[in-house]
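Taken in order, these protein sequences are the chains called A and B.
Numbering-wise, the numbering used here puts 60 at position 48 of the first sequence, and it's gapless, one number per residue.
Numbering-wise, the numbering used here puts 574 at position 186 of the second sequence, and it's gapless, one number per residue.
What the hints contain is simulated information worked out from the structure, not anything from laboratory work.
Remember, predicted model here, so these are calculated numbers, not experimental data.
Cβ atoms here follow ideal geometry from the backbone N, Cα and C, with glycine treated the same way.
Hints are supplied without guarantee of correctness; some may be wrong.
[To be verified] Simulated crosslink set (BS3-like; lysine-lysine; CA at most 30 Å straight-line):
id, chain 1, residue 1, chain 2, residue 2
1, A, Lys105, A, Lys67
2, A, Lys395, B, Lys403
3, A, Lys67, A, Lys139
4, A, Lys105, A, Lys56
5, A, Lys67, A, Lys88
6, A, Lys395, B, Lys464
7, A, Lys88, A, Lys126
8, A, Lys395, B, Lys402
9, A, Lys126, A, Lys63
[Unchecked claim] Stretch by stretch, here's where chain B covers chain A in the computed footprint (C-beta under 8 Å, at least three residues):
id, segment
10, 24-38
11, 217-227
12, 231-239
[Said to hold, decoys possible] Chain B is faced by these chain A residues, among others (derived, beta-carbon under 8 Å):
id, residue
13, Pro17
14, Ile20
15, Glu397
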Amino acid sequence: MNLRPVAIVYRKEWRDLLRDWRTVMSMIVVPVVIAPMIILGVLKIVNLTMKQESKVMLLGGDGSPQAVAALRRLNKFDLVPASPDYTNLISTKQIRAAVEIPSDFDAAVAQGRKTTIRIYTYDGEPKSMQAAGQLEEFFEHRRQEIVRSRLLERLLPETLVTPFEVKRSNVASPKQVTGVVVGMILPYLMIVMCLVGATYPAIDMTAGEKERGTLETLLSSPVARTHLVLGKGLVVLTASLATAALSFSSNGLALVFFRTSRFAKLPLALDPLALAGVCVVLIPLAIFLSSVTVTVGLFARSSREANTYLQPLLLLAIIPALLAALPGVDFNYGLAFIPVLNMSLLCKELLTGTCHWGHVLVVFGSMTVYAALAVAAAVALFKRESVLFRT
Amino acid sequence: MIEARGLTKLFHHKKRGQIRAVDNVDFRCEPGRIFGLLGVNGAGKTTCLRLLATILGPTSGTASVNGFDIVAAPEKVRASIGFLSTATALYGRLTAFEVVEYFGRLHGMADSVLHPRIDALFQALAMNEFRDRRCDRLSTGMKQKTSIARTLVHDPPVMIFDEPTLGLDVLTARTVLGFIRECGQRGKTVIFSTHVMSEVEKLCDSIAIIHGGRILAEGDLAQLRARTGVESLEDIFIRVVEEHA
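Just chain B, with the same shape it has in the complex (with noise of 0.2 Å):
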């Protein structure tokens, strides 16, 4: 489970001055369900998922993540996550079994166990083909498939997806969304920002819209289409960051 409180992050910017990228955020994610947190380009969404993943720390507020402290217990929320990104890339110069085995190894586990997994993920996720390939050779969608069991390696509780699809092709984009997909069925607390309205049509059980780095509205479709009148997604994001600007 994840639950933020209050969670605030600022930024000083040399001519902006302070910027309030995350702004008093308040939301619960359950176990088996997709959270989707859905806003446009620069709402706060990376600065958000990093804060859950304590790659940031927050300025004011704090979160809990499977159990744990984001602020108290930041290593222990990283060992209980899964964290894929557009900007999480993969070692180039390491084949898609190095990756995924260091990445196994720094989650302290053994090799006893470690190898029967990856042998289990690159059999699952049909990467045989490619396992003793470097990254840099790989195609994009090979490239996420390892990206996938590398976050999956030590079979995390709670699944942190920051646009995983962004600039992939159909193909690839439908690979992700299905393993996000999964990973909600596998009772695993799942969740994933995007600005493509469509996906989180298709795969949120429940939805936040996030506008200038606060939550403005929060709920499964059926209640956000109550709450705004309107039918289409694209329809209830534009009526509830119009209804605050």
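Bound-form chain A, shown alone (with noise of 0.2 Å):
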């Protein structure tokens, strides 16, 4: 095959597409800036929002200020003053949640007699259930260091109440703790950005180009309707690929940046070969959803229709990708057929160091045939005029 003509198509269209503020939006702004904006925004919020006081109403506790100056001690809560309509106030989110420490708690704890703390909350409500979680951590501590002096006291050891403690140990390395979280990430970020790098540049390059009249002066050019087809997705190809690394190094770059209390306890540590895995994989999956969208694009009679066409085909690449992310989905050879699930079960094994040659070759195998299949559709849309034609 002569690819002379493929590589004069592929020029052009690049060069016209980099032209166009849309590609640049979709191709660099979105995965380079947007994306990473929109991630680190949502973990600012979820880190502001942790360390954000609870407001939560004290409920009696008079005759108990031992107990009511520990929960003050603690800052963790914004204590507000007693209310009769504090189920009211729960309700509507003006506060959190409300603890009732009955007036001799401190007396009954002194004397050894039962008595109850009651937590009034909004079951189901985040923050609700966060400050009830904070509140039963304050009072189970303090019952353990009540029972601790107890025992003490009366010359007891700790074991009477603590007969045994479990503890977990995690034998996993550190690459494998890193690689379950990005498994369940990285396939779907990777899957959507290959989209959002393919529609564009395919709807303009097929269907805008049939709505702007280019589409016949290109056909009256003496290059075979496979080279121009070929030429075309090859730019498809690219951009869908440059948008997906873009993506994965921005939003990596942006995590590292980030290192929340939360994510500092996460190492982040990847296997470099893994993730190379992941890059080998990704190909034949971009090259279908790349030939995929160009068929779209091509049937479709203008920019709007394509469109139209294109999104639950963004939801069905979603909803796979989503799937392999839920605990449980482990890869088989059942669902080494479905593409972009067999993709993203493979890249959760990549990254966790389970994978096996076997699994590999069948997702890759696959993929390259499907690959294959969605590229010789669009060649053969290409040559059909009642497509080309569509009125």
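Using the hints, put the two chains back together into the complex; each one sits in its own frame.
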């Protein structure tokens, strides 16, 4: 095959696309600026919310200064004075929770009598649940302190109430730990970014050309239609991979830069070989997605129609990627033939270091076949008059 | 030279069923002569020219363009033609130079040949003023000149014009018609479709009246006058169409 015409089409389409602000937006601005800003923004909000003092109403506790003082010392709650309509205030989210400390709480503890702390919440409301959790943690800690001091007073060992302890030990390497988390997010992000990067160029070079009347000009040139569609398809593929790569780099840098307390606990260690593997297995997927977007764009009469067709396609690609991120959905040979899902599951395995060569071969092989079929469909469609001149 | 033999194109329409857009058409265009295809909108002119340009494939029959068969060697046919129509737009984000250069390269021209050729064309068509301006910022006249340079860049022996003056102002239309005449004078085979009678009268050496996908009459103006017994081309056209109604 003479590749010169393909290269000519590729160079022209690339030049043409880069002069369009919409391409620059979808290929560079979205992955490099907007997506990291969204991620950083979400993390910042989560972080701020976690640090924010929960507004909690203190009910009773008048005769229990020790418990109330301990609660105030904690600095986790913005304690507001008691009010009779506390249930309404919780329901309307004006306060997150209310804690009722019996007035004889301190005395009951001192005398060894059983007493009850009551926490009022709005079940299912995240901030109310967070406040309730913090209150429970505080009182549990206080209970343990009291038990320990009582045992000490009676010269009894702590093992009397705590005969044994349960401790968790992580045997996975830091790379595997990071791999589990990244393996859930990364394939999804890459698939979405591949599609975001491919969609606009694919529409512009197919349905857009029909709309602008340049397709007939191009068809009057002596270049074979196969070469024309391959040149266009390669540009879409490049845009798709470039968007995914830019997105990966910028989001990675953003995460490293933003080491919140929550993320600092996570060892940010990834196996470079696994990452390289993800990049390699992404190629047939990107070819597949690029060819599908080109095929859809060719079929459509206008950019608007192409957009209408591509919205469900985006959903069709996102759902398997999300499925793969669910806990318990692991690689098996039945799922290995479902496009997108197979790649997502394989990426998960690669990043956690549990991948087998057999899985790689099956997924890479099946995706290569799907990619080849999608390219063939695009080429076949580009040769059909009824499609090119649909009115 | 262009020679059509039994050229037929059928389309299938969901509601109207089978449409014979071009129906068993035969004609011959000689080098150095301008062949006019005259017909009303929907007569089959555009489909006929798209078949000759191999943008569409015939249902039956064939044609040879510059000695190449449109079915057997469509790429060689396209390499031999310059195709200009109202539907052949320019890439708005490319400059006039880049558009012409792109099509020169698609025709397999090496840069060493292509660039002097573009310089000569731009000089001849007075295009240097807007050479590096994006096509979406050109006036209609400038765009039409760019399209002409695009069709001529590979110096094709056959020129196909599909209603090239449609929607153009008088001055731009005049430039285009002058260019078509020049192509004929340079010995190129020219086929030109229009529904404007005056353009045909001014330009064409030979005229074919097409209606309902069929060629109803063919000859030079004198032959058509003799055949119908009327003087003006408009009357000739109406007489021929009515005869076959």
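Checked hints:
A C-alpha spacing of about 10 Å is found between lysine 105 of chain A and lysine 67 of chain A, which places the hinted pair at or below 30 Å, so the restraint holds. Between the alpha carbons of lysine 395 of chain A and lysine 403 of chain B the distance comes to roughly 24 Å, so the proposed pair stays at or under 30 Å and holds. Between the alpha carbons of lysine 67 of chain A and lysine 139 of chain A the distance comes to roughly 10 Å, so the proposed pair stays at or under 30 Å and holds. Between lysine 105 of chain A and lysine 56 of chain A the alpha-carbon distance is near 22 Å, which keeps this suggested pair within the 30 Å criterion.
The suggested pairing of lysine 67 of chain A with lysine 88 of chain A holds, with an alpha-carbon distance near 9 Å, which does not exceed 30 Å. Restraint check: the Cα-Cα separation between lysine 395 of chain A and lysine 464 of chain B comes to about 17 Å, which is no more than 30 Å; the hinted pair holds. For a cut-off of 30 Å, the pair hint linking lysine 88 of chain A to lysine 126 of chain A stands: about 26 Å separates their Cα positions. Distance hint between lysine 395 of chain A and lysine 402 of chain B is fulfilled; the C-alpha atoms sit about 21 Å from each other, no more than 30 Å.
Straight-line distance between C-alpha atoms of lysine 126 of chain A and lysine 63 of chain A comes to about 33 Å, which puts the hinted pair past the 30 Å bound. Coverage of the segment 24-38 of chain A by chain B holds in this model, with 5 residues showing a Cβ closer than 8 Å to a Cβ of that chain against a need of three. With 3 residues having a beta carbon nearer than 8 Å to a beta carbon of chain B, the segment 217-227 of chain A meets the requirement of three or more and the stated coverage holds. Restraint check on the segment 231-239 of chain A versus chain B: 6 residues with Cβ-Cβ distances below 8 Å, three needed, restraint holds.
At a threshold of 8 Å, the smallest CB-CB gap from proline 17 of chain A to chain B is about 7 Å, leaving the interface hint in force. Because the smallest distance between the Cβ of isoleucine 20 of chain A and any Cβ of chain B comes to about 5 Å, under 8 Å, the interface hint for this residue holds. Interface restraint check for glutamate 397 of chain A: the shortest CB-CB distance to chain B comes to about 5 Å, inside 8 Å, so the restraint holds.
Checked against the numbered hints given earlier, the structure breaks only hint 9 and satisfies all the rest.
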